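S.K.: The lines below spell out each chain.
2 protein chains.
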Amino acid sequence: MTATLEIPDLGWREGGQGVLRGDLLRLFRKLDTLWLRWADAAGALEIEPPPMLPAHALQRLDYFASFPHLATFACVHDEDAENLAVFGKHPWQADGSGLALGRLAPTTHVLTPAACYHVYLDLVGQDLAAPITVTLGTRCFRREKEFHPLRRQWAFHMREIVCVGTAEEVRAHLASHRTKMLELSERLELGATFEHATDPFFNPGKSARYLMQKIDPTKEELVFGGDLAIGSLNFHRDTMGAAFEIRRGGETAQTGCVAFGMERWLFALVQTHGLPGAIAAVDRELDGGDA
Amino acid sequence: MTATLEIPDLGWREGGQGVLRGDLLRLFRKLDTLWLRWADAAGALEIEPPPMLPAHALQRLDYFASFPHLATFACVHDEDAENLAVFGKHPWQADGSGLALGRLAPTTHVLTPAACYHVYLDLVGQDLAAPITVTLGTRCFRREKEFHPLRRQWAFHMREIVCVGTAEEVRAHLASHRTKMLELSERLELGATFEHATDPFFNPGKSARYLMQKIDPTKEELVFGGDLAIGSLNFHRDTMGAAFEIRRGGETAQTGCVAFGMERWLFALVQTHGLPGAIAAVDRELDGGDA
Chain U
197 MTATLEIPDL GWREGGQGVL RGDLLRLFRK LDTLWLRWAD AAGALEIEPP PMLPAHALQR
257 LDYFASFPHL ATFACVHDED AENLAVFGKH PWQADGSGLA LGRLAPTTHV LTPAACYHVY
317 LDLVGQDLAA PITVTLGTRC FRREKEFHPL RRQWAFHMRE IVCVGTAEEV RAHLASHRTK
377 MLELSERLEL GATFEHATDP FFNPGKSARY LMQKIDPTKE ELVFGGDLAI GSLNFHRDTM
437 GAAFEIRRGG ETAQTGCVAF GMERWLFALV QTHGLPGAIA AVDRELDGGD A
Chain V
197 MTATLEIPDL GWREGGQGVL RGDLLRLFRK LDTLWLRWAD AAGALEIEPP PMLPAHALQR
257 LDYFASFPHL ATFACVHDED AENLAVFGKH PWQADGSGLA LGRLAPTTHV LTPAACYHVY
317 LDLVGQDLAA PITVTLGTRC FRREKEFHPL RRQWAFHMRE IVCVGTAEEV RAHLASHRTK
377 MLELSERLEL GATFEHATDP FFNPGKSARY LMQKIDPTKE ELVFGGDLAI GSLNFHRDTM
437 GAAFEIRRGG ETAQTGCVAF GMERWLFALV QTHGLPGAIA AVDRELDGGD A
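Listed in order, the protein sequences are those of chains U and V. Each residue of the first sequence is one higher than the one before, counting from 197 in this note's numbering. Each residue of the second sequence is one higher than the one before, counting from 197 in this note's numbering.
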């Protein structure tokens with residue numbers, strides 16, 4: 197992993213969470229403006245999704261079998277007054293390790309693990325007469341074994357540009373963004389390269405989907421510094437279309453998404469240019485790049 | 197409660213969550229630009245906080261005794277492989293009411309219930325030589341008995357402008373924004389008025405803090421249509437300063453915040469003007485208002 201970097205304007209909180217301030221926050225905004233321009237150039241609709249997904253939406257993907265280790269659940273107490281009162285009086289475990297939760301209400305929602313699921317959920321049951329492209333930026337939550345500022349956080353910002361269409365339409369979407377991402381990496385002097393990758397399945401040796409991804413790669417990651425994936429291109433074929441019952445011209449729709457891990461871009465840019473230099477580089481891009 | 201309104205460009209998901217699209221999302225952005233201008237005029241620093249708060253930060257405020265019914269907890273499984281595998285194989289309760297969670301890891305974090313807590317947490321142990329003003333916009337999570345699109349959501353956007361200083365400095369901050377909010381409501385023809393209010397304490401009759409708020413009101417809400425609080429002014433005196441060990445010139449700091457419930461402003465604006473009219477009204481404000 198890339199050496200630790202002192203990041204100006206970054207606060208770091210226990211539990212793998214960052215606070216962005218000042219110039220680092222300005223850099224974040226400028227970068228997102230850049231992706232929004234890319235999305236606009238691709239004719240994307242923009243949505244602001246809610247922070248949680250219904251568990252049954254993730255069940256359509258067998259998410260809990262594939263990624264049980266990553267999920268963060270939105271839990272609330274059963275609203276029985278005595279149940280709440282007991283928790284209110286004694287909210288801590290005796291050993292101080294965490295909260296002494298009482299009886300929970302049914303757990304129906306999961307904190308968003310990947311932005312694009314919101315897009316498919318909005319299209320359940322539809323048959324599209326034309327491809328659609330949607331962009332959304334949202335916090336994603338993934339519980340990991342360890343956290344590193346900007347590089348691996350429990351909660352991080354993901355910007356995606358998602359295409360739902362025929363295989364050909366989706367392939368064209370991914371190919372055009374592959375080129376744009378490489379050219380951008382070059383102009384920003386990041387030296388990032390695309391590498392085939394797999395999703396972080398639980399118990400991968402036993403996962404048919406993992407084996408499938410190994411045999412027939414459908415995920416490419418844009419890797420900075422040899423080990424930090426700052427973006428990815430994901431071709432889901434008809435997995436999402438089948439799971440969410442989305443069709444395109446009568447056939448099961450195919451889908452693909454272009455994803456940017458926003459905090460990791462901040463890391464890569466600041467590591468490469470320092471913070472003022474990173475802002476200047478993205479400003480140049482916004483002023484005159486191909487975006 | 198105000199009559200149900202057909203909101204264009206709003207998606208509504210089970211679990212009290214909204215999806216903003218198109219012109220409604222544009223209106224949201226314009227409104228936030230307006231608050232950011234107000235924050236800038238008040239000399240505020242801006243931060244982008246993480247979505248979760250450490251439970252021990254809320255414990256400083258006795259939050260779990262006061263608001264156990266509102267809290268949403270960020271829960272994850274104990275990472276033992278067998279524990280995860282069992283959940284992955286049988287993720288649902290037999291009655292389908294929710295997920296069949298296995299053994300949880302210690303619960304250490306809570307989804308942000310109010311934006312301003314992030315500000316105090318960042319200042320723990322500091323003695324400020326001058327007042328500081330901070331703005332932040334973030335998703336807040338409050339579990340309620342029922343939800344209504346834009347008006348009462350499990351997750352909603354709150355923009356705050358927070359002042360930490362002496363009593364006099366905080367009072368001046370709140371007073372100037374009280375005037376600005378009333379003038380804005382008038383220009384936008386919302387007809388909103390300030391009313392004294394209390395926080396939604398659990399078991400209020402037994403809460404010393406609730407009784408205190410009744411006797412000596414320190415919370416005013418800007419109320420639209422007779423029953424919808426779209427903003428609030430909160431004077432915490434030294435409650436937050438004492439809880440988070442923040443001083444101002446050697447004395448326990450006083451704090452106050454100006455808060456805007458973003459979705460509720462969308463509701464009030466669209467109810468009053470329709471969506472195109474609401475955008476035009478906020479555009480006029482951005483072009484020439486006193487912001």
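Honestly, the hints are just simulated from the structure, not real lab data. Take the hints with a grain of salt, since some may be wrong.
Identical copies go unnamed one by one, so any copy, or any two together, can satisfy a pair.
Claimed, not checked - In the DSBU-like style, the derived pairs of lysine-lysine whose C-alpha atoms are separated by at most 35 Å in a straight line are: (1) Lys410 to Lys285; (2) Lys226 to Lys402; (3) Lys415 to Lys285; (4) Lys402 to Lys285; (5) Lys402 to Lys341; (6) Lys285 to Lys376; (7) Lys376 to Lys226.
Quantities reported herein were computed from a predicted structural model and do not represent experimental measurements.
S.K.: State for each hint whether it applies.
M.R.: Outcome of the hint check:
For the identical chains of this complex, lysine 410 and lysine 285 are inter-copy neighbours only, at 23 Å across copies versus 52 Å inside a copy, given an alpha-carbon limit of 35 Å. Taking the shortest Cα distances, lysine 226 and lysine 402 never come within 35 Å of each other, neither inside one copy (42 Å) nor across copies (49 Å). Proximity of lysine 415 to lysine 285 under the C-alpha cut-off of 35 Å is restricted to the inter-copy arrangement: shortest distance 26 Å between copies versus 49 Å within a copy. With identical chains, the CA atoms of lysine 402 and lysine 285 are at most 35 Å apart between copies only, with a shortest distance of 13 Å across copies and 45 Å within one.
Taking the shortest Cα distances, lysine 402 and lysine 341 sit within 35 Å of each other inside one copy (21 Å), while across copies they are farther apart (42 Å). In this assembly of identical chains, lysine 285 and lysine 376 lie within 35 Å of each other by CA distance neither inside one copy nor across copies; the values are 56 Å within and 41 Å between. Within a single copy, lysine 376 and lysine 226 get their C-alpha atoms as close as 17 Å, and across copies as close as 29 Å, so both meet the 35 Å cut-off.
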